[in-house]
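Participant: Residues per chain, in single letters:
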Amino acid sequence: MAEIGHGGKEIVERILDPKEAPAKVRGLKQVPVRSQIANEVIGISYGFFCPLTGFMGKEDLDSVVKRMRLKDGTVWSIPILFDMSDQELSDYGIKEGDTICLTYHDNPMAIFEIREIYTYDKEAMCQSVFGTAESKHPGCARTYAYKDKFLGGDITLVTPPKINPPFDPYFIPPLEMRKRFREKGWQRIVAHQTRNVPHTGHEWLMKGAWFQTYAELPIEKPLVGVLVNAIIGEKRKGDYIDEAIILTQDELRKSGYFGDHNHMTSLTFWDMRYAGPKEAVFHAALRTNLGLTHHMYGRDHAGVGTYYGPYDAHHLLATVQDELNITPVYSMNWLYCPHCGEITSEGLCNHKNEWQKFSGTLIRSIVEDGVKPPRLIFRPEVFDLVMECAEKYGFGSPFVTDEYLAKRTPVFTIPPLAG
Amino acid sequence: MAEEKYPINIWVNEERYEKLKEAGLAHMCEEMLAGMKVIRVYANAAQRDKILKVFPTAKFDSATTKSIELLPRNVKDKIFDVVVERKSVDVLDEFLKDY
Ligand SMILES: [Zn+2]
Chain L
1 MAEIGHGGKE
11 IVERILDPKE
21 APAKVRGLKQ
31 VPVRSQIANE
41 VIGISYGFFC
51 PLTGFMGKED
61 LDSVVKRMRL
71 KDGTVWSIPI
81 LFDMSDQELS
91 DYGIKEGDTI
101 CLTYHDNPMA
111 IFEIREIYTY
121 DKEAMCQSVF
131 GTAESKHPGC
141 ARTYAYKDKF
151 LGGDITLVTP
161 PKINPPFDPY
171 FIPPLEMRKR
181 FREKGWQRIV
191 AHQTRNVPHT
201 GHEWLMKGAW
211 FQTYAELPIE
221 KPLVGVLVNA
231 IIGEKRKGDY
241 IDEAIILTQD
251 ELRKSGYFGD
261 HNHMTSLTFW
271 DMRYAGPKEA
281 VFHAALRTNL
291 GLTHHMYGRD
301 HAGVGTYYGP
311 YDAHHLLATV
321 QDELNITPVY
331 SMNWLYCPHC
341 GEITSEGLCN
351 HKNEWQKFSG
361 TLIRSIVEDG
371 VKPPRLIFRP
381 EVFDLVMECA
391 EKYGFGSPFV
401 TDEYLAKRTP
411 VFTIPPLAG
Chain W
1 MAEEKYPINI
11 WVNEERYEKL
21 KEAGLAHMCE
31 EMLAGMKVIR
41 VYANAAQRDK
51 ILKVFPTAKF
61 DSATTKSIEL
71 LPRNVKDKIF
81 DVVVERKSVD
91 VLDEFLKDY
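As you go down the protein sequences, you meet chains L and W in turn. Using our numbering, the first residue of the first sequence is number 1, and each one after it goes up by one. Using our numbering, the first residue of the second sequence is number 1, and each one after it goes up by one.
In case anyone wonders, no lab produced these hints; they're calculated from the structure. Where a beta carbon is used, it is the ideal one built from N, C-alpha and C, also for glycine. Wrong hints could be hidden among the right ones.
[Claimed, not checked] Listed below are the simulated DSS-like cross-link pairs for lysine-lysine, each with C-alpha atoms no more than 25 Å apart in a straight line: (1) 78/W - 237/L; (2) 19/W - 97/W; (3) 37/W - 237/L; (4) 372/L - 237/L; (5) 352/L - 78/W; (6) 179/L - 221/L; (7) 50/W - 237/L; (8) 237/L - 59/W; (9) 66/W - 372/L; (10) 235/L - 59/W; (11) 162/L - 149/L; (12) 78/W - 372/L; (13) 357/L - 372/L; (14) 21/W - 87/W; (15) 136/L - 50/W; (16) 352/L - 66/W; (17) 372/L - 59/W; (18) 21/W - 59/W.
[As the list claims (entries may be wrong)] A short list of chain L residues far from chain W (calculated; beta carbon distances all over 12 Å): (19) 100; (20) 333; (21) 341; (22) 375.
My request is simple: use the sequences and hints to build the entire structure.
Facilitator: Below you can see the structure in the form of structure tokens.
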């Protein structure tokens, strides 16, 4: 059965047969890539980025910048680019029409069939994708850091990544994910995009979205699941460490706040662009490919600073809703009301003067002060696991430090080619 | 309009609570978020800006809580000690003098 992904296109994994791989890479020029490119190679090869089959050529890029679409008309909001400097091109002797082998951790990762080499106005790209060309916007900074030439062409994975513990159970690519959803019998699955350790505000975002998604479906057996899809990519100092994020999200299921019948945790490799509304549209494509039917969007989805209004992403999604195969589920904030004595939604409770809002930042401050928050705010199992992760993976801290960045075990490695 | 005030939440762990009790200041704690004890030291806009500059890890949570968060624990300990010594939460001027 064909698996249909974003834009109505079939999801096809672009991965070489292990028996053929050594012969296919023999003699190819080897070019090492950085982690962002390696993450995107995985995104392309496994169909996370369907219908993309490689890094974008100029026509696709120009169309994404000017129309938020690929050149064939499919809605697409974020450029997926491979960059090189003139110096590198000449050092490697790379020209249009060449096929090269991309390496990561010194081992062959993917075959790149270079169809074209081109330039593009980075400022125009920033203005369109991020709504600003300011270099202090982290997405613009990433764009300006691209070298001056872009290479477009198809990617085929040579060697599947080895996902290192404790992340290995959570790498579930689109085709496998869709199989699992069928096994569970879920008719609707709602995506929760996260880069956080969950407090009960997050937990209730998921629970609220589960109710919204369930809607009119019969309740005799569980038909709706929440998929936590954690974004794993470049880390900034002070973020929660990746191990703590993925394991605590799953802990909500293991500790019974959810269960196997309605909750699953997985990861996607992606370096956040903080493109707000445009990133929200990208998330819709990504999660469609993963087999989800619904997607949670809160306020200022994937935003940064004050660049985007709280509902900009919702408005942009509405303009392309007819072409998306995923339904947005909009979430209001959850907070603690001492009068109600519970976590409640700002759309429900009317004790406005008594509301106590809390954020991930506030919880971090509490934890850093050596206080264990009450279970109504932060689940004790999550707290204990954060502390365990600090010892086991974080060199004593649950937050990213220089030491963590230097010494952590990579989330994935590329093993040497067999044979 | 009254001047805007931005709280620094000093969460009262057991060690801090013992010190407060000894100084007869346990009543200074407020209760927040389902039973946590906190002492709130308020900064004005100028003090807030100075704090964010002097302590680069600190963050002003403008979206949700309007409070100054993520000050290092030892910095909060120092502020806390001044609160206990002066028996007042109006201590930021004195605390910031040294920076
Ligand atoms: Zn209430």
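Participant: Does each hint fit the structure? Answer for all of them.
Facilitator: Hints, one by one, checked against the model:
1. Taking the CA atoms of residue 78/W and residue 237/L, the gap is near 24 Å; set against the 25 Å cutoff, the hint holds.
2. Only pairs whose Cα atoms come within 25 Å are accepted, and residue 19/W paired with residue 97/W is accepted, the gap being roughly 24 Å.
3. In summary, the hint linking residue 37/W to residue 237/L is not supported, as the alpha carbons are separated by about 28 Å, beyond the 25 Å threshold.
4. Pair hint residue 372/L plus residue 237/L holds up; C-alpha atoms about 23 Å apart against a cutoff of 25 Å.
5. Between residue 352/L and residue 78/W the CA atoms are separated by roughly 34 Å; this puts the pair beyond 25 Å, and the hint is violated.
6. Note on residue 179/L and residue 221/L: the hinted pairing holds, with a Cα-Cα distance of about 19 Å set against a maximum of 25 Å.
7. Between residue 50/W and residue 237/L, the direct Cα distance comes to roughly 22 Å. Compliance with the 25 Å bound is thereby established for this hinted pair.
8. Between residue 237/L and residue 59/W the CA atoms are separated by roughly 13 Å; this keeps the pair inside 25 Å, and the hint holds.
9. With a CA separation close to 22 Å, the supplied pair residue 66/W and residue 372/L stays within the 25 Å bound.
10. Taken as a hint, the residue 235/L and residue 59/W pair is honoured in the structure, with Cα atoms around 18 Å apart against an allowance of 25 Å.
11. For the hint pairing residue 162/L with residue 149/L, the CA-to-CA distance comes to about 30 Å; that exceeds 25 Å, so the pair is violated.
12. About 21 Å separates the Cα atoms of residue 78/W and residue 372/L, which keeps this hinted pair within 25 Å; it holds.
13. A C-alpha spacing of about 18 Å is found between residue 357/L and residue 372/L, which places the hinted pair at or below 25 Å, so the restraint holds.
14. As the CA atoms of residue 21/W and residue 87/W are separated by approximately 12 Å, the hinted pair is consistent with the 25 Å bound.
15. Restraint check for residue 136/L and residue 50/W: the C-alpha separation of about 21 Å stays at or below 25 Å, so the hint holds.
16. Restraint check: the Cα-Cα separation between residue 352/L and residue 66/W comes to about 16 Å, which is no more than 25 Å; the hinted pair holds.
17. Between the alpha carbons of residue 372/L and residue 59/W the distance comes to roughly 21 Å, so the proposed pair stays at or under 25 Å and holds.
18. Distance restraint check for residue 21/W and residue 59/W: the Cα-Cα separation of roughly 30 Å exceeds the 25 Å cut-off, and the hinted pair is therefore not satisfied.
19. Residue placement check: residue 100/L keeps its beta carbon more than 12 Å from all beta carbons of chain W (closest about 42 Å).
20. Distance check for residue 333/L against chain W: the nearest CB is about 8 Å away, which does not clear 12 Å, and the non-interface claim fails.
21. The beta carbon of residue 341/L is not kept farther than 12 Å from every beta carbon of chain W, the shortest such distance being approximately 8 Å.
22. Distance to chain W contradicts residue 375/L as a non-interface residue, since its nearest Cβ pair spans about 8 Å, not more than 12 Å.
Of the hints listed earlier, those the structure fails to meet are numbers 3, 5, 11, 18, 20, 21 and 22, in rising order.
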